[in-house]
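Student: Below are the chains, spelled out letter by letter.
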Amino acid sequence: MGVKKLLMGDVACAEGALAAGCNFYAGYPITPATEIMVHMAKRMPESDGVFIQMEDEIASISACIGAVWGGARAMTATSGPGFSLIQEGIGYAIMTETPLVIVDVQRGGPSTGLPTQASQGDVMQARWGSHGDYGIIALAPNSAQEMYDLTIEAFRLSQVYRIPTIVLGDAIVGHTWEVVEMKKAAKTKVALPAEKPLSTAYETPFYVPKFPAFGKGYMVHISGLAHSEKGYPDTESADDYTRLIRRLVNKIRNEREQICSYELINPNAETMIVTYGSPSRTVYETVKEMHDVGMLRLKTVWPLHERAIHEFCREAERVLVLEMNLGQIYWEIKRVLCEKNVELFSKVGGELPTPEEIRGTLQ
Amino acid sequence: MIKGQFYRRDMFPMIFCPGCGIFTVLECLKEALSQASIDMEKVAFVSGIGCSSRAPGYIMADSLHTTHGRALAFATGLKLASPDLKVIVMSGDGDLAAIGGNHFIHSCRRNIDLLTICVNNFVYGMTGGQLSPTTPVGCVTATSPYGNEEHPFDLSALACAGGANFVARWTVRQRKELTDSMVRGVKKKGFSFVEVLSPCPTQLGRRNDMVEVKKNLDWLDSLTFSKDGFEFKDREIELLASGRIPTGVFCERDKAPYGEMSK
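Which chain is which? The protein sequence lines are A and B, in order. Each residue of the first sequence is one higher than the one before, starting from 1156 at the first, in the numbering used here. Each residue of the second sequence is one higher than the one before, starting from 24 at the first, in the numbering used here.
Treat each hint with caution, since some may be false.
[What the hints assert, rightly or not] List time: in silico DSS-like cross-link candidates among lysine-lysine, alpha-carbon distance up to 27 Å:
#1 A:K1197 - B:K278
#2 B:K53 - A:K1351
#3 B:K26 - A:K1371
[To be verified] If you want the ones that stay clear, here's a sample from chain A, every Cβ over 12 Å from chain B, calculated:
#4 D1394
#5 D1395
#6 R1436
Calculated from the structure, these hints are not laboratory results. Where a beta carbon is used, it is the ideal one built from N, C-alpha and C, also for glycine.
Can you make the complete structure from the sequences, with help from the hints?
Tutor: Written as structure tokens, this is what we have:
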């Protein structure tokens, strides 16, 4: 049991990071994620961590990655325009298998868009925003409590799989004040290799190699270029490249059952609503007042939990995907339930769909 | 004496062209780390993208070969998370002053405790000889086929104005001075910047009638004059454009490094 406190979602996220052992934060101010940074500026020095305000978001994620190689647990938080900028760093973290947490408190886009209004417009960008083939993990909290809990989970997953992990919040969960139980978190230890100096920086056949942090005598060369198991740039061999990229993708793809979590109400009801993040708050009302409506809420958006979607929706007569964009995860659900008629309920502009609106669609 | 071996020999051969200045920079760095008694297990290199950014790969130490222009941002995080490490950034004029220009001025301003070595060969080498922010006026490059018409940056002047604690510039022919500045730079608390004017016979030389290495080096000599303590405030920015580049130690001061303001 943890202490209960009334917290804003963004602050709950920062506190979750601290509970998970985060000791490095680099960021750049941006609405509606700034509260995370402001809270970290105060809290990091109190817990012997490092806080730094960088010159832009590219510098922020770069500093975080550098800090992780220096042995830290690092996080940065941003919103749409900054999320676009940090895609470069996400690609580097993927290629170098650097564990860190990135929070995207989504606002309306494109471009500067709707700075103070929520959206779920970045969900595909979270999956494919950086160039090249890769796997990624993204979690979608729907409350201040989950901003706390899923940030802790994001740290755990990032360390287990040596991968950047994204917390996809939005202006609603970020700015909502709720009572949050601040549970203690087990601090997962990153496994260090035994051999010094290390002859292979990326041991195979393991999907997830151990992490050779700097300054410990491993003498490793870490590069964003395609590399051999030694870590050395290797841009000539198609075989080596194929092996590397397949491993980076498969270490997530093959672990979906272990990575993914979801919330389920009335599986295989006559109507199943598939959703994630803030809009699920409205669906809690819908399932209370409407008979034979169920909900599958994806807490893990990426990787997509295809088995759960199939298993819990296949008997439904209607499947409705609810999201605050003009249809992004919708197409993924349609792909998984290819034999079914899948409907989309979109709402953009910043406000949650109301129970009346959902009822109107279903009736 | 250097503790550990300097070169990562199983990465050889190096990718650099014959006549490249990076070989000299590496040899001077080896000597400098030896003079400064650096433990190779307690030094880490960070670099971006470009020819000079590949150099740390040939050094037997922990090294992070990062994205284009961002080496200083990565290095900032690494140093703050691991203050006992000596962090050395290796960069080039395109990496540091074009795509990484913002990180460069802010690293100087923060006066973060890093040594940055910039191999300034006035051109993008790896991508095939394009115009860089330091290309002298009139030089022919792949993207200035009629001669460069942009004013160049003076990187050392920028570092001094930005707030670095130690700033020096030498050509690769000034090996003794260059080595000495690297020793002072690596020992100095705060941001140290050592700019090395370097030949690129393949990309700049080939297009500007100095494909022979000696001609390229002679050209560097003709551009420069040595003057320790040169006061940048007294000069016009056109000085560099007119082909008169001072070399020397330009500033050495003891401003509080990042994180030590309140100590």
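Student: Could you run down the list of hints and mark each one as holding or not?
Tutor: Quick rundown of the hints versus the structure:
no. : hint             : result
1   : A:K1197 - B:K278 : holds, 25 Å
2   : B:K53 - A:K1351  : holds, 22 Å
3   : B:K26 - A:K1371  : holds, 14 Å
4   : D1394            : holds, 20 Å
5   : D1395            : holds, 15 Å
6   : R1436            : holds, 36 Å
Of the numbered hints listed earlier, not one is contradicted by the structure.
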